[in-house]
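Chemist: Produce the complete structure using the sequences and hints provided.
Listed below are the residues making up each chain.
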Amino acid sequence: MKENIGVINMIYILTAMYAEARAIITHFHLKKDISHIHFQVFDNQEVGIRLIVAGIGAISAAVAIADTCMAAEAGDFLVNVGICAGIQEEKVSEKGNDCLAKGALLSREPNQGENERICRIGEIFLCNKIREQITGRTFYPDILYPHGLKEAQILTGAAAYTKDKKKEGFWLYDMEAAAVYQAGLYYFGPHQMSFLKVVSDYGDAEKVTAEQVRELMEGNVERIAEYVNFLQEIGRKEQSGISFLEDVLLSETEKLCRDMHCSKTMAAALRQCIRYGILSGVDIAELRKEMYREGKLPCKDKREGKLCFEEFKRRVL
Amino acid sequence: MKNLKGEYYNSPFSHVYVEKEVWEHPRTKRILAKLPDADVIEIDHYKDVFCRKGQDYVLQHRAQNLILGAKHGTLLYKGAPVCQSFGNQNFYYTSCMMNCIFDCEYCYLKGMYPSGNLVVFVNLEDIFKEVEKLLLKEELYLCISYDTDLPALEGLMGYVQEWLQFVEENLFSGKKRLTVEIRTKAADSHFFERHFPVPGVIYGMTLSPQIVIESYEHKTPALRQRIAWATQAMTEGYRVRLCFDPMIYCKEWKQRYSEMLEDVFSQIDMDKIEDVSVGTFRVSQDYLKKMRRQQPCSMVVQYPFINDKGVYHYPKELTKEMEQFLVDRLKERIAEKKIFLWEDEEM
Ligand code: SF4
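Residue numbers (our numbering), protein chains in the order written: chain W, 2 to 318; chain X, 10 to 356.
What the hints contain is simulated information worked out from the structure, not anything from laboratory work.
Since this is a predicted model, take the numbers as computed values, not measurements.
From the three backbone atoms N, C-alpha and C, an ideal C-beta is built for every residue, glycine too.
Don't take every hint at face value.
Cβ-Cβ distance ranges computed for the label pairs, FRET-style [to be verified]:
{"id": "1", "chain 1": "X", "residue 1": "Glu268", "chain 2": "W", "residue 2": "Glu234", "range": "37 to 43 Å"}
{"id": "2", "chain 1": "W", "residue 1": "Met71", "chain 2": "X", "residue 2": "Arg203", "range": "52 to 58 Å"}
{"id": "3", "chain 1": "W", "residue 1": "Ala67", "chain 2": "X", "residue 2": "Arg233", "range": "52 to 58 Å"}
{"id": "4", "chain 1": "X", "residue 1": "Lys263", "chain 2": "W", "residue 2": "Arg294", "range": "45 to 51 Å"}
{"id": "5", "chain 1": "W", "residue 1": "Ser281", "chain 2": "X", "residue 2": "Asp317", "range": "20 to 26 Å"}
{"id": "6", "chain 1": "W", "residue 1": "Arg121", "chain 2": "X", "residue 2": "Phe201", "range": "34 to 40 Å"}
{"id": "7", "chain 1": "X", "residue 1": "Cys306", "chain 2": "W", "residue 2": "Lys307", "range": "25 to 31 Å"}
Here's a subset of chain W near chain X, in silico, CB distances under 8 Å, partners left out [unchecked claim]:
{"id": "8", "residue": "Gly58"}
{"id": "9", "residue": "Ile144"}
{"id": "10", "residue": "Gly242"}
{"id": "11", "residue": "Leu280"}
Modeler: So this is what it looks like as structure tokens:
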């Protein structure tokens with residue numbers, strides 16, 4: 002069973018380092034869950050957020066997801082948040098912009114002492130394309146909701162980015178996104194996974210201190226929180242009608258199956274009929290009571306149950 | 010973070026995925042020029058996006074994105090048994106698009122495709138070549154709006170226009186006869202300003218009672234608009250077929266379908282109709298299973314259907330009653346030979 006309460010959906014936030022997580026932990030008042038041995042996990046059941054500090058690299062990310070996201074359901078989301086390198090220098094073609102994309106609207110202010118860059122230090126991006134450098138496989142998380150962030154494409158490598166590495170036309174570089182997507186796919190669909198990346202460097206990550214990472218994340222925590230809250234709202238909205246239907250369906254099917262002595266096949270047919278009845282506005286509980294009052298329920302045996310089901314079906318349809 | 014219109018989902022085609030292969034194709038450029046605000050993402054193959062694991066058709070459809078690619082391999086398919094061929098022998102269909110901007114809850118595409126995104130194949134010229142090749146040997150009856158609603162996308166894609174030109178050119182080429190069917194629920198009155206009637210093209214307008222449209226055929230034009238479109242089309246010399254297929258059950262179906270027919274008969278000159286098709290809702294069991302999983306609250310797909318050799322349909326008596334009712338009413342206004350009933354078709 003899912004651990005969270007009622008229709009509160011769970012947002013799983015995955016970071017590689019604690020420094021990336023701290024601002025989010027503070028913002029959402031997350032508490033450390035000491036029951037986890039291998040990873041630091043922080044959560045707040047009331048708001049439906051669980052944050053996992055996975056460690057750096059693909060394997061850590063994959064294991065952390067397997068360890069903590071097993072209970073994920075429809076309406077839950079996985080958000081990979083962290084820093085990345087901005088790897089693409091701006092190329093302005095004769096047409097003005099060699100990308101067709103609106104997402105290619107570039108930050109044109111150069112940083113001091115740097116070439117002109119597509120992404121500035123401290124800028125946050127939502128990734129719409131992720132390529133695993135080592136295999137060349139590419140993944141596309143769905144972007145279904147309005148978000149107000151810039152979008153970018155990210156390359157995931159097995160080691161930290163250095164300037165001699167190929168860029169393959171990508172703007173951003175990290176060490177986890179592709180692994181998070183692949184591992185996440187066991188528990189989430191592409192519409193449930195998001196990748197928020199803050200640019201921390203241009204390929205000299207070794208110079209970035211933990212303090213700087215904390216500051217970069219603090220500078221973006223409001224945007225991240227807004228995004229997470231919106232997912233929370235969406236998840237709730239999408240699931241609300243469904244959970245009510247499933248609750249009624251479960252309790253009515255249980256009672257009627259028992260009293261009609263249903264076989265497995267008949268139980269499935271009854272369940273379908275009840276579902277249709279609920280959707281078409283039939284008061285199933287009242288119908289059941291009516292059949293009790295008329296002495297048609299409970300049935301003596303399977304044979305009587307079959308006839309009773311036919312009668313029930315007639316009244317529902 | 011809702012968008013400016015206060016909606017929870019991105020507007021349609023906020024993202025366009027473009028296959029490398031068609032990046033420079035004139036149709037790609039033409040389509041993208043009409044979507045200046047879209048984020049355009051380069052992809053290797055349309056299936057990299059369309060066939061991803063774990064997609065949610067229904068959610069994707071609410072923020073439908075566009076995939077532009079090239080179709081290779083089989084370009085024309087022999088008609089499937091669960092569709093009507095109107096007595097035509099060489100019944101083929103082609104998919105120059107996959108999926109639809111309309112959102113009918115009962116649409117089999119929800120069971121057939123892994124994704125709710127719209128795929129448009131921009132290499133229409135290859136499909137045309139394939140049709141020409143077949144026409145050297147035999148006559149052809151070709152459905153081009155099969156796994157989509159082509160006219161609904163005409164403003165953006167212009168594919169109906171291109172097909173009309175192709176069919177017209179073929180008329181004078183000395184090849185075998187080509188008849189094209191364009192099935193639609195679209196009813197854009199401006200259609201007639203930019204298109205012209207071609208003798209080899211039949212428009213199949215699907216009609217449903219307004220209550221069915223409102224309940225299950227989301228984003229589609231009202232019955233009134235569809236009737237008006239069919240009326241104008243015939244006045245302007247287009248060939249029009251009326252499709253009462255799928256008929257959808259609701260408690261007061263008789264009354265609803267009667268009202269619909271009254272509207273049809275009072276406005277459409279039934280003598281000028283090409284023919285009509287009638288059929289109750291039916292769908293393969295694999296598709297329905299998926300449709301039900303994706304739409305747990307949809308009355309139309311959650312109806313307790315009967316499974317008959319892998320095809321789900323309404324109970325036999327109900328099917329018969331609904332279809333017969335409509336056929337009988339239609340017979341009062343149109344010759345029987347012009348009424349095509351699904352049951353008449355061979356599996
Ligand atoms: S108009 Fe046709 S193709 Fe489009 S959603 Fe409806 S049934 Fe499907």
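Chemist: So, for every hint listed, does it hold in this structure?
Modeler: Outcome of the hint check:
no.: 1; hint: X:Glu268 x W:Glu234: 37 to 43 Å; verdict: holds, 40 Å
no.: 2; hint: W:Met71 x X:Arg203: 52 to 58 Å; verdict: holds, 55 Å
no.: 3; hint: W:Ala67 x X:Arg233: 52 to 58 Å; verdict: holds, 55 Å
no.: 4; hint: X:Lys263 x W:Arg294: 45 to 51 Å; verdict: violated, 31 Å
no.: 5; hint: W:Ser281 x X:Asp317: 20 to 26 Å; verdict: holds, 23 Å
no.: 6; hint: W:Arg121 x X:Phe201: 34 to 40 Å; verdict: violated, 52 Å
no.: 7; hint: X:Cys306 x W:Lys307: 25 to 31 Å; verdict: holds, 29 Å
no.: 8; hint: Gly58; verdict: violated, 23 Å
no.: 9; hint: Ile144; verdict: holds, 6 Å
no.: 10; hint: Gly242; verdict: holds, 6 Å
no.: 11; hint: Leu280; verdict: holds, 4 Å
The structure does not agree with the numbered hints 4, 6 and 8 stated previously, though it agrees with the rest.
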